[in-house]
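**Q** These are the residues of each chain, in order.
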Amino acid sequence: MFSKKVKSRIVLLILSILFFVLIIFFIFRSLEENLVYFFSPTEIYNNQNLSLNKTIRIGGLVKEGSTSRKENTINFIITDLKNEIVVSYNGLVPNLFSEGKGVVAEGKLTDKKYFIANKILAKHDENYMPPEVSKALEKSN
Amino acid sequence: MLKNFFPNKILKINTKLINKIAIFMLIIIGLGLVYSLILSPEDYIQGDSVRIMYVHVPSSLIALGCFAVMGIASILNLLFNIKFLSLISKSLAPIGGIFTLISIITGSLWGKPTWGIWWVWDARLTSMFILFCFYIAYILSWKLISNFKKANKISSIIAIIGLFNLPVIKYSVDWWNTLHQPSSITLTSAPTIHHTMLIPLIIMFFGLLIYSLIIFLMKYKIEIIKFKLKKKNEK
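Which chain is which? The protein sequence lines are A and B, in order. In the working numbering, each number is its position in the first sequence, counted from 1, plus 1224. By the working numbering, the letter at position 4 of the second sequence is numbered -10, and the numbering carries on one by one without gaps.
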């Protein structure tokens, strides 16, 4: 069907694509830890060789009823519904920070259950709806 | 369908046809803007900043789509040495590049009020930035290399390598923890976006798609004329 020239090109292209896929696969495997933007509380819990002095990011949901404010400091619990980490942060949180919603905190762990944040980011989920629909949903729940 | 994109067919396209499509596009984009800026409701958490999405999502999709076509055209071009395919890729590159930039800019405008930060290096945003770099590299390879055969080969290789980035962008939000939210519209499950917001999104997508088509036709025609003139001069 194809001429000899085209056939050799096809073989060359397939081989180089396979080669690239392999390279990219290994790059991703070695980068695994850096590709993850934040760790979940369970990942922290299961991590054996945790270094406490490194700045890391943890993320999950803000546990309902866990936020408490004192002057400039806010304390809350990040949960992934399996494990929890207490977070303490000094400063203003983003407007969209609220209980039951996603959050990412950057800072240092003092131990596996306690985290001192120096930056708080609100994480938005994939749900988009008008306020009336959200209210109706809450009612039916 | 591919036959419609053969150079001789494209050369027959006159400004009248382009003007007709342009009027059609203006109507659709006008309708989309009215729907997305006035008629559609605000979001229950984000408020009015949800309206940025009506430009952000279509731009990202077009940016990915352009590169996908460029990559596939480049593969076929390298295999079978079909010159007009490289002209198609060359005309698509600036469109995709600009839409990548629009996607990144509107994304950070949305990120500041929502996340509390303009930019983060999470997997989705980084892979989108890499896509932009590929667009720049592709365009530069045509601009800087004057020999057509050489430029054609190098740009095609860039486009093919960049093709691997596309699934990474698409699935980055599923494979790794990212600050960017996962897709609201998927093939497998019902969209998690309310229909009053989905409709303007779809209208805006088609509006911007037709816009891209117009720019593509104009650019492609110029590229064909340039190519033919160059060939004539060489003779």
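Hints may contain errors.
[As the list claims (entries may be wrong)] Quick list of in silico lysine to aspartate or glutamate cross-link-like pairs, EDC-like style, CA-CA up to 20 Å:
#1 B:Lys156 to A:Asp1304
#2 A:Lys1325 to A:Glu1356
#3 B:Lys156 to A:Glu1323
#4 B:Lys98 to A:Glu1330
#5 A:Lys1337 to A:Glu1323
#6 A:Lys1325 to B:Glu28
#7 A:Lys1337 to A:Glu1362
[What the hints assert, rightly or not] Cβ-Cβ distance ranges computed for the label pairs, FRET-style:
#8 A:Gly1324 to B:Tyr157: 41 to 49 Å
#9 B:Ile(-1) to A:Lys1231: 47 to 55 Å
#10 B:Leu184 to A:Lys1228: 46 to 54 Å
#11 A:Ser1322 to B:Asp160: 41 to 49 Å
#12 A:Glu1362 to B:Gly16: 33 to 41 Å
#13 A:Glu1323 to B:Phe118: 51 to 59 Å
These are calculated hints, taken from the structure and not from any lab test. Ideal placement from N, C-alpha and C gives every residue a C-beta, glycine not left out.
**Q** Could you tell me which of the hints above the structure violates, numbers in ascending order?
**A** 1, 3, 7, 8, 9, 11, 13
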